[in-house]
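**Student:** Chain residues, written in single-letter form:
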Amino acid sequence: MATNTVPGPRVGQPTSLAGKAAFEVDDRLIVAGPVRRTLNKVFPDHWSFLLGEIALYSFIVLLLSGTWLTFFYDASMKEVIYDGTYAPLRGIEMSAAYESTLNISFDVRGGLLIRQMHHWAALLFVASIVVHLLRIFFTGAFRRPRETNWFIGVTLLVLAMLEGFAGYTLPDDLLSGGGLRIFSAVFLSIPVIGTWVYFTVFGGDFPGEVIIGRLYILHVLIIPAILLGLIALHLLILVKQKHTQFPGAGRTEHNVVGNRLFPTFAAKATGLLFIVVGLCAALGGLVQINPIWLLGPYNPAQVTAGSQPDWYIGFVDGGARIFPPWEIVLWGYHIPPVFWGALGLPGLMFGALALYPVLERVLTKDTASHHLLQRPRDVPVRTSLGAMAVTAYVVLWISGGNDLIADKFDLSLNAMIWFGRIGFLTLPPIAYWATYRICIGLERHDREVLEHGIETGVIRRLPSGEFIEVHQPLGPVDEHGHGQLAYGGASVPKKMNQVGGARRAIRGFFKPIEEPAEVQRQAEIEARGLESEQASRRELTGSGRPSEGGRPSEGGRPQDPRD
Amino acid sequence: MSTTDHSRPGSAGGADEPGQLHGGPDDDYSPAQLAAMDRTELDRLGARYDGVEVLHVEPVAPPGSPLDKKNTRQVTLWFALAALFAVAFVVVYAGSGWFLPTWAWTTGSSTWSALYTPLLGALFGLSMISIGIGLVLYVKKLLPHETAVQDKHDGSHFDRVTTGATLMGGLDNSGLPRRKMLSGVLGVLGLAFGAMLVSLLGGFIKNPNKGNPLGTTPWADGLRLLRDDGTPVRPGDQVAGSLATVFPSVAGGNKAYDAAVILIRLRPEQLTELRIPAGQEDFGYGDYVAYSKICTHAGCPVSLYEQETNRILCPCHQSQFDVTDGAKPVFGPATRPLPQLPITVDDEGYFVARGDFPAPVGPSFWNMGRLG
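Taken in sequence, the protein lines are chains E and Z.
Mapping the first sequence onto the numbering used here, position 428 (from 1) lands on 428, and the numbers just tick up by one.
Take any residue in the second sequence, note its place counting from 1, add 563, and you have its number in the numbering used here.
For reference, chain Z alone in the conformation it holds in the complex (with noise of 0.2 Å):
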């Protein structure tokens, strides 16, 4: 039994005529007139009716000609080299490790494990390259040079003004225009579902005025200022005009990003020149002083010391600080010193903190000189 058994149910809905099957291009031309072109005609007749002209093409090399020959041989050899390297990739790939040298990373690695990925991506990329310059060449050397013409076209005035009387009509057909109540209640409802999605953005904020994070630091009274790896720092520890970076004493200080210090040496001649902010009189110790190492311009931290110069500076943006003048900025876009430590040594003559900077640590915000 096949489908077109009319006298099952459900097959016998209406009559089975044809209509207009596919209109346009089947009217003027009727089967037997397309069978008697040839596919070119074809092609020109298809191209003609999506408003392109084929203008002039120019043929390629007569087949079985010298220059033929060379053409497809130059193709054909590109795409072998192809094939050729994309095996090359497969073998170095997978056979690293087995019957080639193993590619793993060792220290002062082999030569094949430094080969290795140079290797893969040269011969990928040749593999890839290959193909495109056969592609490349077989339309410049094998393919006739068509040269065709498309017509543009602009808006259709018919479509605009038979669109826009659908979309009014249905406007108008809604009555929305003079339910006037409606209107202003769908209004009100995209507001409010706009709110409601918004809203949900919530959960990511966060307050950053709760316990003042910004103004703060972990250093506090009493905390030893202790090296990296830990250590505490005694006074005799660094020779004059050296720096060191110290962390406070307490859980995760040498992973804080605001509690970076350097601990700076002074020599005696830059002792002389030492000028002391009002009311940091007291901050240093002897011959040293404590700089935050958080640039205040973007938050780097400060890391070259050019001791000759008193500068400290910046390797991101380049700010320059003077460590004789209170880490003023000198140059560069920073505008506001570095805060100062207050230091002293304990019983046991380590560095101690002797409370936190006097000032937010860091780049500048909005409200930092309102903080509570």
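Bound conformation, chain E alone (with noise of 0.2 Å):
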């Protein structure tokens, strides 16, 4: 039993300057044992865990140097000549948003570095977000219990393309203004209460004198702050769930197999952290984006042919563009097809997308809780309505940029919007079929393999005069050379390399830097690798626990984490 009554030096106290320091630290505000769960918090290794992070730092970018941006904007739809360093656009009558924007780009040092920076950061953010999204989709990992970080995701990607379409809109040049003047029609088009939603929305008619500054404040503060504070609480829903994983040899749906997360996970994610900021600095510098300085102020008279939005607006234009002309007139009512073709189509996708889960759930009875992720292929149904939505969103972004497609590849700009109409509704049953078939081959392949095994490519002459080829059975096999193990949704290996057929090369470019008889000895260490180790202390097939045994000072474990 400690006691502290006992003055003098005591038994375990730190002796090292940091011991003591840390020991200080602790008697005031206690975290040992928070820091100590947090440094133990055990990460799955699976690349496309890192599809999240990449989000979450191309965020970190865009804070930075959006904040660095605010330092230099002026939001402010007041007219100005500008008078900078910019001759072609000198004399010009524009706003003071649309100045100030050229006055990053060329009167700042390193603005335009930050701006296009911050620009392809937005893109990326969003583009991850995606892809993040469709990995969770994909794998199941948004079943019970994780519908509610589902859904907070959903909500994340839509604050986002509203945080990147607010942004964009701020330099207040001819493209961005087209863009607003699209918005408008959008607002306009919603029944009832649609011209009360435009007058509100640009304080009066469009364009108004507001809309920038009331762009400005949504995207640098209100949005921001949501987004802050939904990714927070999607952060900290992950850690109190803990992650998924896939299914694979000691990993059950109560433990979570992979690193620590101190040293070896925060390395990795600090690692990304850099090459993502990195990415989005080298982006910013070689790659030119959004030169606005070439677009001219806004004017309602003028436009470019081939205006583009950002690429994940793209979408919302393409539905724009191919719903046909359907307006419904009742009584002198109108609502006209942009509504259902840039409101109604995009509404439609994320309310699908948000009530996924419980479609699922619902339709499919499966109410237990999952922390096992499944693979595509187990799933077919759920994969295949998957390709279907991300075919016709892809239709739709096709569509988007319709009329650059015919430009570039002399095609007709007719034809193109019939192929999006046309697409739309034939492409995605064909991506359900299509995916559909793949994923029973799949499934049927890997069961293939586990019953007779891998093909080695050795082709044998049996004295009959019969070629065989030579499989290798991946496990025990019954007196008809069937394998016996059962398919437990985790990779089946289909190449003998992959149940170490090959040795692993001796390293060194000049010359050997390492002795061949420890790779080799190395090689029989990985091949038992973990199966082995956890052979000996536990079964594959038990629950996983390792709860059971008494008492940690007896060699077993707590039952609990304690606080």
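Zero decoy hints are in this set.
Keeping only pairs whose Cα atoms sit at most 25 Å apart, straight-line, the calculated BS3-like set for lysine-lysine is: (1) E/78 x Z/769; (2) E/511 x Z/703; (3) E/511 x Z/632; (4) Z/633 x E/511; (5) Z/818 x Z/773; (6) Z/818 x Z/769; (7) Z/704 x E/511; (8) Z/703 x Z/633; (9) E/78 x Z/818.
Note that these hints are calculated values from the structure, not bench results.
Build the complex from these two chains, which are given one at a time in their own frames, with help from the hints.
**Tutor:** Next up, the structure:
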């Protein structure tokens, strides 16, 4: 029993300087326990788990570069005459917002780099959210108990798109002004309240004098604050629920196998952070984006052919382009097609996306908690539905740029629109069917390899003259030579190299720097690997709960981490 | 005098007997026991308390071995590169305009100012990416590969029951379920409070029906058709088959979103196939017709005129309008024709409008058929 009443040097007191400092801190804050628990947290090791991190890191880039930009940007629609560095625009009337964006690009040292970095990071942010979402969808990671986090994720995606739209509208150039005009038409198209929404958003008729200021406060304060809060919640829930993992040796519904946070995962994650920041910086410097000085200030009577929104708004634009000219007119009341194309389709899409976990739970009656992921092939219906949705999205997205495609590939513009209209209806079902067949084929091949073994490529001629290919069984076989392993939802090795058919090369560029004998020894350890160590400790098919065995002091493990 | 002097007022309040300091593990392991363990044992012990078991550790190359040296060299090299790029960034960033040529952009820009931003981006990016690669290589080559497993706990039944009891106990103590009047008033208060907050949004609302802003434009009888530079247009100014954008001769006419008009001089063969909508027979003037430039689909300016096919194309969503058929939409998502502006020529021979458009300009909206 520890006691502090005895004066003088105590057993186990720190002797090093760092140790003493840490002791002092913990005496006041009592953080040693939580810190140890955090450092010990186990993260599963799979590349697809990094996609969400890319979104997080590009958000960090956005916060930092965006804050930098606010010091130079002027969110005002006051008309000014440009007299800055960029000669071709001198003497032209423009808004202060556009002028300050020109100044960031030409008169602030490094301003163009930060502006372009910000824009690239925004594209990367939405892109990584989408890819992360697809990973979650196709592996079934949204299933109970993670529906809440799925819903937060979909909300984050919608907010990120709005945030991006508000952001690229701020320069008040010809391109973004045109986008804003289309947005205003979308507001106007809403039945019953459309004109009221439109006048409320713009503070009167388009464009008015307030919209840039309003979008600015949305862009730099309101949406980022919500994003930040939701991201914090997203991560908190993630930590609380712990990660999902793909099925594999020793992995169960009740454990997480991987690396501890410290030092392995922390170092990897920090490495990824730097790579994402570096990528944004390199793109921001090397690849021009949104050269607003070439576009000129916004003028409602002008437009550029081939104008394109940022990529994530493209599908909305595509929906507006391919929707047929069907205007509902009843007793003088109108519902224009832009309502269905630009608001209805995305609304339906995000609605279905948000509700999908609930729909699947109800339709499959699977209400159990799941922590092990599914391979897409093992859930052909969901995978095919996903492929169908992605196809529909891609058709809309292509249609959003159909004028550029028609121009570059010398196609008829009208044909491109008809492609969009017909493709949107016909390609998704085809994608569903094809994906379903592929899933079934892959499933069958997994079973085939488990039953008959891996094709070795070795052809043998039997005494009867028959040629056969030698198969390497993956496990014990019955009297007919059929494997007895059941499919466990994990990847099945299909090449000899994946089961140690080839030895690792000895390292060294100019001359070998490893002892061949040592490599051989390592290979033997690796071949036994995780399984052998686990086999000695626990049963592979057991619950995975190492909680049996009495108190920790007696060699067992505590039932619960304590606070 | 020290704070442990218990004779001072305020320091003698309770017995200074240590209670169960941390409980749990401190009961199981005395400081002496812990002191007897080495670092790895302590690490694993702590991990066990967090539900973590280290299953397998694959050691790194032995210290001093050629492989270890090579790995260390690699990682060091990446971090050194990162530092080098960072220094180069600072040199380019700060040195430009000092001992390097100025970065400021000028027309027909010099090589340096064109290279400035790409160079900054490349150096910044390379520095960051080098750090990232260095860290990843550190994990892969210099850290032991450890495989750990952590227990995952579902919700605890004990926690649920006890928390529920505390919550419901509080509710019982408050007596709200039986004090119907009080809880009713609280409910009303909640609604009233919410309404009070929401009502503040009223400051944003503008009435779109006051003065019919959506059904009217700056155009009025007698207003001249001006080009963007403010010059008036005469019938002889345009060649047949050409198109000009004109604005009303009022202040800010060329900035109004709904005032832009395309003035088209039809070719003779277009005139022969011209079909004029009923009620608009006198809207044109000679071989001239004027339509709103604002697309009836989403409000973009329709800009591309293909005179061989008589079509005007909106570049935003590819709605196409036939100028010889009352600018009716012939392809794409637009549903209504571009409203036609009635024009004539004034005493001085310049084009003037004879009034506003007969229909609302721009995208459709809910009550457009029922404007006052």
